[in-house]
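With these hints in hand, go ahead and build the complete structure from the sequences.
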Amino acid sequence: NTGITSLCVMAFLAKGCTPGTSPHGEVVNRGIDFVLGSRQENGTLVGPGRSHGPMYSHAIATLLLSEVSGMVDAERQERIDAVLPEALRIILAAQQVEKLQSSRGGWRYQTDSADSDISCTGWPLMALRSARNSGADVPAQSIDYALEFVMRCRTGDGGFAYMPGQGPGPARTGVGLLCLELCGRHRDEAALAAGEWLLRHPPEHHGQQWYYYSIYYCSHGMFQLGDEYWEPFAERMYEALLKNQRPDGSWPPGSAGREGECYATAMSILAMSVPYCQLPIYQR
-11 NTGITSLCVM AFLAKGCTPG TSPHGEVVNR GIDFVLGSRQ ENGTLVGPGR SHGPMYSHAI
49 ATLLLSEVSG MVDAERQERI DAVLPEALRI ILAAQQVEKL QSSRGGWRYQ TDSADSDISC
109 TGWPLMALRS ARNSGADVPA QSIDYALEFV MRCRTGDGGF AYMPGQGPGP ARTGVGLLCL
169 ELCGRHRDEA ALAAGEWLLR HPPEHHGQQW YYYSIYYCSH GMFQLGDEYW EPFAERMYEA
229 LLKNQRPDGS WPPGSAGREG ECYATAMSIL AMSVPYCQLP IYQR
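Here our numbering is used: position 92 in the sequence shown is 80, and no number is missing along the way.
Because the hints were derived from the structure by calculation, they are not lab data.
A portion of the hints provided could be inaccurate.
[As the list claims (entries may be wrong)] Just the calculated beta-carbon pair ranges, DEER-fashion:
#1 155 <-> 13: 28 to 36 Å
#2 102 <-> 127: 31 to 39 Å
#3 216 <-> 74: 39 to 47 Å
#4 74 <-> 153: 16 to 24 Å
#5 73 <-> 271: 22 to 30 Å
In this text, a Cβ means the ideal position worked out from N, Cα and C, and glycines have one as well.
Shown next, in the form of structure tokens:
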């Protein structure tokens, strides 16, 4: 699964394990090679493993390649330069598919989906933002268009919903907050309201579906907002994660059972390592 592999590689990167030269550097290189070798005939980076819709895996893999571009050796850089533009083109084309009015600007499970949801939209938007930060030819209009969809998912109490008109939740609000923070809406009224919502309704480790997904997005979003949001959120999150870490260092998948413990562990590392600011897209 290219999505989970990419998350695991980014977990190493988040702790400063750069490709090739650092401790675990060859593990990082092999993960990058797996993603590059998973390219399908249509250009998608999905590989043979099952996925919760190809857009998830493709967008996460595209984000990884954008983040490691410039870190790798010359041979791998040449391969990334050959694959990344097409991966971005697929994301941009999927955004332009004719959609319902309320879904325009976003993404969903398939490259030809006619509807959108905020959960899936977060990954392609981050991939585009990362690539644009690195100098790729990503139209600013595409990012603005995606933000319009994100804002349509906003609820009256400051949270964000899965789709426009639905109710808020921690995972969806975390996605909405991070999208705003990374795409030019730093600490604006909607972002601050989302931060306040998350302080009132933080992700709960026990009994809450999508916990690891929630803490990934919420931690990065709250860190971007500033210490007055990040510190109270982080204290609660660290306590829960340290309490539930297994003796072998992994985290139990819980409601993420289908994705497995590698997913749960990678997302936990990515959430906890926010202050290290090793991944370019997440730097304040």
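Could you tell me which of the numbered hints above are not met by this structure, giving the numbers in increasing order?
-> 1, 2 and 4
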